[in-house]
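**Student:** Sequence:
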Amino acid sequence: MPGKTILITGSTDGLGRHLAVRLARSGARVLVHGRDRERGAGVRAEILAAGGPEPEVLIADLGSLREVDRLAGEVGAVTDRLDALINNAGVGFGAPDSARELGADGYELRFAVNYLAGVRLVRQLAPLLIAAAPARVVNVASIGQQALDFGDLNFEHGYSGAAAYMRSKLALIMATFDLAEEFGPAGVMVTALHPATYMDTTMVREFGGSPLSTVDEGGDAVVRLITEDVPNGAYFNGRKPARADAQAYDPAARGELRRRTAELISAAVG
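Take the sequence shown: its letter number 121 is residue 121 in the UniProt record's numbering, and every next letter is one higher.
Honestly, the hints are just simulated from the structure, not real lab data.
Computed from a prediction, not measured in an experiment: that's the story for all the values here.
There's no promise every hint is true.
[What the hints assert, rightly or not] Here are the simulated distance ranges between beta carbons: (1) D97 x R243: 40 to 48 angstroms; (2) R81 x G184: 15 to 23 angstroms; (3) R260 x S98: 22 to 30 angstroms; (4) R37 x D149: 23 to 31 angstroms; (5) P2 x D149: 43 to 51 angstroms.
Positions of the beta carbon are idealized from the N, C-alpha and C atoms, including for glycine.
I would like the entire structure built from these sequences, with the hints used as guidance.
**Tutor:** Shown next, in the form of structure tokens:
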């Protein structure tokens with residue numbers, strides 16, 4: 001890790017915070033991302049207390065694609081290379097019976113944060129990742145997946161937070177396969193994983209779930225994907241290769257998702 005620069009989205013809580021401190025303790029320069037500056041300052045203090053290099057704290061709401069672009073610009077202002085991007089930020093199931101939420105661009109919030117933001121960030125940061133090749137992108141997905149309904153991509157009908165979450169995570173896995181094909185030849189490896197089941201995090205407690213694993217277990221699985229020799233474009237359940245929902249392997253479905261994604265991003269940022 002010494003000499004490596006790593007951006008971790010959603011790194012002021014839960015798995016992201018664990019990874020930020022853990023990787024910094026190993027010598028990496030961590031770019032900490034969150035929505036709250038005070039919590040970001042808390043992670044910075046924890047990193048410095050652990051003996052890690054001085055981190056950067058970057059604040060952005062990933063429910064807005066313009067904020068995603070601003071975040072990418074701020075990353076480019078503090079580094080000329082990015083050895084790893086961990087797309088960890090996410091919105092969970094939400095509290096039981098919670099209402100449908102929208103991000104700043106009018107897109108269903110889980111689809112916006114868990115999927116669109118990560119895909120946009122990879123593309124905006126591609127020059128920095130290529131400059132650091134061999135570089136890694138790790139998309140934190142989930143074993144909970146539900147096939148996308150392209151007739152209702154913004155989930156206006158029959159909404160549930162759990163289903164929205166599972167659709168967004170499958171979309172992220174589908175994009176992982178495409179991004180791996182696109183950027184692999186340039187030396188950027190892209191993988192996705194379900195880190196661990198029901199880690200002891202705010203996201204799990206919010207919907208009333210009982211923790212079944214720890215952030216240390218999830219952290220082990222993520223760190224493996226940025227340090228070990230693993231296949232490009234693969235999906236993992238923890239540390240083991242796994243198979244995602246069948247829709248992820250359907251070329252027509254992935255093509256439709258790419259097309260619709262480009263339309264949504266263009267509508268939001270031009």
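**Student:** Determine for every hint whether it applies to the structure shown.
**Tutor:** Hint check results:
no.	hint	verdict
1	D97 x R243: 40 to 48 angstroms	violated (32 angstroms)
2	R81 x G184: 15 to 23 angstroms	holds (18 angstroms)
3	R260 x S98: 22 to 30 angstroms	holds (25 angstroms)
4	R37 x D149: 23 to 31 angstroms	violated (37 angstroms)
5	P2 x D149: 43 to 51 angstroms	holds (46 angstroms)
Of the numbered hints given earlier, the model fails hints 1 and 4; all others are met.
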